[in-house]
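Visitor: Take the sequences, apply the hints, and build the full model.
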Amino acid sequence: MRLRVRTRLTLRYTGVFVAVLAVYVAAVFLFQYAQLREQIYRAEVQETEAVEGLLYFGNDGQLHLHDEYYSHPQSRLLVNRLLEVHNAKGDLLLRSQSLFGHELGHPTYPREGVGWFERRDAELSDGRKVLFASHLHPLNGQPILIRLGYDLGPLHATMLRFSYLLLLALPPSVLLAAGAGYRLSRAAFAPLQDMAARAEQITAENLGERLAIPPPGDDELGRMAGVVNQLLERLDQSFQRMRRFTADVAHELRTPLASLRASGEEALMVAPDAQHADLSAVISTMLEESERLTQTINGLLLLSRADNESAPLELTTFDLPELVQEVALLLDVLLEERSLRVDIEVLNDGSKLVRADRMLLRSALLNVLHNAVKYSPEGTRIHVQHAHVHKHGLPMQQVCIEDQGPGIAAGEHTRIFERFYRGTIQASGPSIGLGLAIAKMAVEHSGGHIFADETHVGGLRCCLLLPVAGDNAPSMEHP
Amino acid sequence: MSHDRQEGRGAKTITTRHILLVDDEARLLETVARALHPEEFSTAIAGSAEEAFSLLQARPPDLIVLDIGLPQSSGLDLLARLRSAGVVTPVLLLTAQNEPEDRVRGLEAGADDYLGKPFSLPELIARVRALLRRAGGHAPPQTEMTVGDLRLDPVQHVATRGDIRLDLTSREFALLVYLAEQKGGVVSREMLAKNVWHETSRFTPLNNVIDVQIARLRQKLDEPFPTRLLHTVRGLGFRLKEQA
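Top line first, the protein sequences correspond to chains A and B. Every letter in the first sequence is one number past the one before it in the working numbering, and letter 475, counting from 1, is 475. Every letter in the second sequence is one number past the one before it in the working numbering, and letter 214, counting from 1, is 214.
Treat the hints with care, since some could be wrong.
A few chain B residues facing chain A, derived, Cβ under 10 Å [said to hold, decoys possible]:
hint, residue
1, L94
2, L166
3, T200
4, I210
5, A215
6, L230
7, L236
Restricting the straight-line Cα-Cα distance to at most 27 Å, the calculated cross-link-like pairs of lysine-lysine (DSS-like) are [claimed, not checked]:
hint, chain 1, residue 1, chain 2, residue 2
8, B, K220, A, K374
9, B, K194, B, K220
10, B, K194, B, K183
11, A, K352, A, K391
12, A, K374, B, K194
13, B, K220, B, K183
What the hints contain is simulated information worked out from the structure, not anything from laboratory work. The beta-carbon is built from N, C-alpha and C at its ideal position, and this holds for glycine as well.
Guide: This is how it looks when you write it as structure tokens:
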């Protein structure tokens, strides 16, 4: 299942928020780190200058550092200062105790400290990370290279704590932002929800109605409502055109047919004598064909009206088996003629009342039963079965009409309800090929369902499902 | 064989009835006018509502056959104008829009009967006669009818040919009575569907049923007897008549 737009929007918004926040956190972190390193370097430069004054060559020719330096620690960091002094040849003259004998960086770089101060990063052999300043200083006429550095360990520890702090603040702020975003999008979508609810109520019958344009009207939502309204307008117009077209077709086709038929009939009425027997036969054939054409046009117009407008239904409550009986009785002579037997089976007790348009449904049943009669071999039986079923959780009354005819080929079970469909096995006779399409329309307009049973082997088994009348069935009336 | 003369014979005793036909299809009008035999009817034809109105004043008709779909002002408008002017002449509406709503609108506007196009000529003639009978106020009391040696008693529900009583189902009897009522006129399948089967919907496959029912009726009515009464008129329908 796809997420709702509102959820998707909130997720996306939150994602962007997290990314922006991450970039911000990284920038703050890096800036702070660079600042602190700069401070350390400055302190190193200052101290190097202080150290310059404290260095002296002792009587033993060794380089020393005045001890009083230690008694004036300016800060904790200063105590941790790492000091190394080399002569111009690169020999080590002095190394502070805090280095524990480790070398501070590379043995000396070419021209190191020749300029002003130089800064370098180094890693001691014990793993400590160090930032040190190098400076060349003349002492007693000979140049010495002073290297003074600080262990970066405490800085890194501070930065780690700082980053924890930053990251800890992230989840609550993201949650907060997501919540706010979700609420905000609800407010933003409320007018859309209203529009959707309104649009849902617009059907073929009230196509003249329009969506309300949410204030201020010239924003995106207003435009959207406007566009939907324009669409409805075009739809409305095309429906009206379609209706007019149907009426025009009815007129334009039936009027010449009326002339055709009247002329043919008049000819037969005035001159049916033996002399013109051939002519009469020709005219009769033409009349029969015009009758077929009329039937087809009537059927098409009925279907087209049903397509274009919800034809006014007359929903009534009636007994379905009774209607089936009535229809079977109407076809009684055909049944007798072909020695067909209709046996009726009722699977469950209880009410067989359905709610539908009785006239339309009678047409539907007549078409289905007539079809069964047409394809039944002489002397066979037509099985009618009534059952109570549930479809999509709704109680339905089902009637299945089953013949022992040739049946239909696989894959034709939905196609036989199409207009003018010609089956491969039940090659249609003189019937107009609209009977089952009309039956389908009639059943569906009453809120029912019609289908050919694919699981059935042998003849055709056609089932009609109709909404049960009663308290638990949705009612069209309001008190 | 030429039945038009024989059909007109009964009407000769009464005066010719004048019928105004209004439709914008000239060809259809002429055909219908020819089919309404001069011995029984005289006809005037009009192609528009205006023409019809002036013809109405020239000679008031006994019946108007009026098409709804006229070019300028519709047939329904003309009908409303007539009825508001106090004209009570029976009106048979013709229309190509055979929807139930149109039928209701037509009858509400004051029409006496309604026929959808394309109609069958025998039905149009039968309805014209029925409307004129109704307007004349002498609906014939159908106590007993005879066609040749066939006698029908609708009250007792008995049909006999000569001395032999026919064993008919109620549907067969109703069919026979309806055919007899047409006095030798041709009856189309549509008329039978409407009047004997009382089928209002035009989309029910009844033609097979009617043909089979007619065949079964013929077996009982004609086969045991030397003369045939029930005839099939190909292309038109059926007729109950003693042949000359």
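Visitor: Quick one: which hint numbers does this structure break? Sort them smallest to largest.
Guide: 2, 6
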